[in-house]
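Sequences are here, hints too, so could you generate the full structure?
As a plain string of letters, each chain reads:
Number of protein chains: 4
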Amino acid sequence: MAQGTNGGLALTLEFVFKDVVRIYDTDAQGIAHYASYYRFFTNTIERFMKDKVGIPYPNVNDELWFVIVETHAEYKRPLRVGDVITVTISPQRLSEKVIRFQFQILKEGEVTTTGYVDQVAINPKIWKAVNIPEEILKRILNL
Amino acid sequence: MAQGTNGGLALTLEFVFKDVVRIYDTDAQGIAHYASYYRFFTNTIERFMKDKVGIPYPNVNDELWFVIVETHAEYKRPLRVGDVITVTISPQRLSEKVIRFQFQILKEGEVTTTGYVDQVAINPKIWKAVNIPEEILKRILNL
Amino acid sequence: MAQGTNGGLALTLEFVFKDVVRIYDTDAQGIAHYASYYRFFTNTIERFMKDKVGIPYPNVNDELWFVIVETHAEYKRPLRVGDVITVTISPQRLSEKVIRFQFQILKEGEVTTTGYVDQVAINPKIWKAVNIPEEILKRILNL
Amino acid sequence: MAQGTNGGLALTLEFVFKDVVRIYDTDAQGIAHYASYYRFFTNTIERFMKDKVGIPYPNVNDELWFVIVETHAEYKRPLRVGDVITVTISPQRLSEKVIRFQFQILKEGEVTTTGYVDQVAINPKIWKAVNIPEEILKRILNL
Numbered sequence: 001m002a003q004g005t006n007g008g009l010a011l012t013l014e015f016v017f018k019d020v021v022r023i024y025d026t027d028a029q030g031i032a033h034y035a036s037y038y039r040f041f042t043n044t045i046e047r048f049m050k051d052k053v054g055i056p057y058p059n060v061n062d063e064l065w066f067v068i069v070e071t072h073a074e075y076k077r078p079l080r081v082g083d084v085i086t087v088t089i090s091p092q093r094l095s096e097k098v099i100r101f102q103f104q105i106l107k108e109g110e111v112t113t114t115g116y117v118d119q120v121a122i123n124p125k126i127w128k129a130v131n132i133p134e135e136i137l138k139r140i141l142n143l
Numbered sequence: 001m002a003q004g005t006n007g008g009l010a011l012t013l014e015f016v017f018k019d020v021v022r023i024y025d026t027d028a029q030g031i032a033h034y035a036s037y038y039r040f041f042t043n044t045i046e047r048f049m050k051d052k053v054g055i056p057y058p059n060v061n062d063e064l065w066f067v068i069v070e071t072h073a074e075y076k077r078p079l080r081v082g083d084v085i086t087v088t089i090s091p092q093r094l095s096e097k098v099i100r101f102q103f104q105i106l107k108e109g110e111v112t113t114t115g116y117v118d119q120v121a122i123n124p125k126i127w128k129a130v131n132i133p134e135e136i137l138k139r140i141l142n143l
Numbered sequence: 001m002a003q004g005t006n007g008g009l010a011l012t013l014e015f016v017f018k019d020v021v022r023i024y025d026t027d028a029q030g031i032a033h034y035a036s037y038y039r040f041f042t043n044t045i046e047r048f049m050k051d052k053v054g055i056p057y058p059n060v061n062d063e064l065w066f067v068i069v070e071t072h073a074e075y076k077r078p079l080r081v082g083d084v085i086t087v088t089i090s091p092q093r094l095s096e097k098v099i100r101f102q103f104q105i106l107k108e109g110e111v112t113t114t115g116y117v118d119q120v121a122i123n124p125k126i127w128k129a130v131n132i133p134e135e136i137l138k139r140i141l142n143l
Numbered sequence: 001m002a003q004g005t006n007g008g009l010a011l012t013l014e015f016v017f018k019d020v021v022r023i024y025d026t027d028a029q030g031i032a033h034y035a036s037y038y039r040f041f042t043n044t045i046e047r048f049m050k051d052k053v054g055i056p057y058p059n060v061n062d063e064l065w066f067v068i069v070e071t072h073a074e075y076k077r078p079l080r081v082g083d084v085i086t087v088t089i090s091p092q093r094l095s096e097k098v099i100r101f102q103f104q105i106l107k108e109g110e111v112t113t114t115g116y117v118d119q120v121a122i123n124p125k126i127w128k129a130v131n132i133p134e135e136i137l138k139r140i141l142n143l
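Protein chains in written order, with UniProt numbering: chain A, 1 to 143; chain B, 1 to 143; chain C, 1 to 143; chain D, 1 to 143.
Do not rely on the hints blindly, as some may be mistaken.
Copies of the same chain look alike in the list, so a pair counts if it works inside one copy or between any two.
[Said to hold, decoys possible] With a Cα cut of at most 27 Å, we get these calculated DSS-like pairs of lysine-lysine:
id	residue 1	residue 2
1	Lys125	Lys107
2	Lys107	Lys138
3	Lys76	Lys97
4	Lys107	Lys97
5	Lys107	Lys128
6	Lys125	Lys18
These aren't lab readings, by the way, just hints derived from the structure by calculation.
See the structure below:
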């Protein structure tokens, strides 16, 4: 796990995504609603997949989709409307079929949020898990 | 228009939907976010279609979907988290293919919001507009 | 943990919430979007707090709010538009200030999703964690 | 109206916003959900207000907020996940207190969606409509 985390941190430095907290991300507590953070995570994966891996996300093609199987987030400091945030993404191979994306959200250099999103590769025609194609996996893991 | 409104009001009295403004419906202005109202409208159509018309919504079957083509809302008074609201729905036939649902949202007897959602019947296999089946149209219009 | 789970299951049998997967909960994969489940969780907490504890949620009053600090979900089987779901909720005391709500979502008797939402009590005027008032905590924990 | 539209079109050419349809914008019909378009509209206003007017949006300061009072959208062609869209924005002065933003969403040069969002300036401390400050109004209208 420590090694995986190191690998993740190394990659983290290579891909960051800038986003902004918009009014619809917030709620009547005056802060970003907890489910909005998953939107920030999704935005970051989508951009990572397009820019670094060169594939559409999450529906790569008619025989390959990424489907979410687990999500987690810890909210350390609140975000507010207008906040400019930096999201770092660290992919980890959990199995031949499952990828974990770990995230940190930073505001003015401080970590406000951490979390991960696990996704399994499936063939949507039969709705069964499949191995992630070798060349896609390599690009995701920056190998 | 006055007639249509009268007809609408008559029907309105027959179908109302109770909902509650939840925290995720609100934003940092402390009031319900303007796009959340379309969630209230959708909830009401879905329940109307299930209870009054007896069909799933918006995807009725493999050859009949209702697809939104126009939406409108006017926000007269703000709603806040925890508000219990009553939504009235009034269907109108715009053409053989298009139905308008008019809405009023009331809180403690006062109208807070009005709006409408127009939807066209399509065959999703060919993604083309089709006539709304006679028996479904009759039940929607309470004929 | 086993004991806590047993306690949770015992309580689970006492409070369940029925919901329906609506079109806006789904995405282009044809299934409920992963962040929508947090909406189902929130709906269930809100109803539990109103019906069992007798307080508004998450903003109880000017000096007591519940703020989310951690969320987790595992998606075992997909949900689709129109699915009628049952959500069970099991509160656990994590500390004097933090409550965990554990959830199971069931469809036709089968568990489709599990997860939890942790929330800290704060005084919004000073934005600091506070002890959950004794009488509220007792009602949450069904003591 | 024709004049207003011309004025709008003139300004339209000056400010456009690029966005992408993400998986959470879509629903089980395989297309962007109708309420997601209001997210695209909000994104565009927010960026316009930041880049062209130089103010945060919608909460400008403690005494000036923009609150939505009317929304409208017409959906001419569907959008799908991954679509890259261009949103044009055209501000119009409706009164001393109310601004309309008209939108066009284009995909590959074709208009897919039109709509508008009307917003009133209020003082949130008293929750009353106020005149939009002269210098802000001028920058919004590009005068």
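Next on the checklist: Run through the hints listed earlier and report the numbers of any the structure violates, in increasing order.
Outcome noted: 2 and 6
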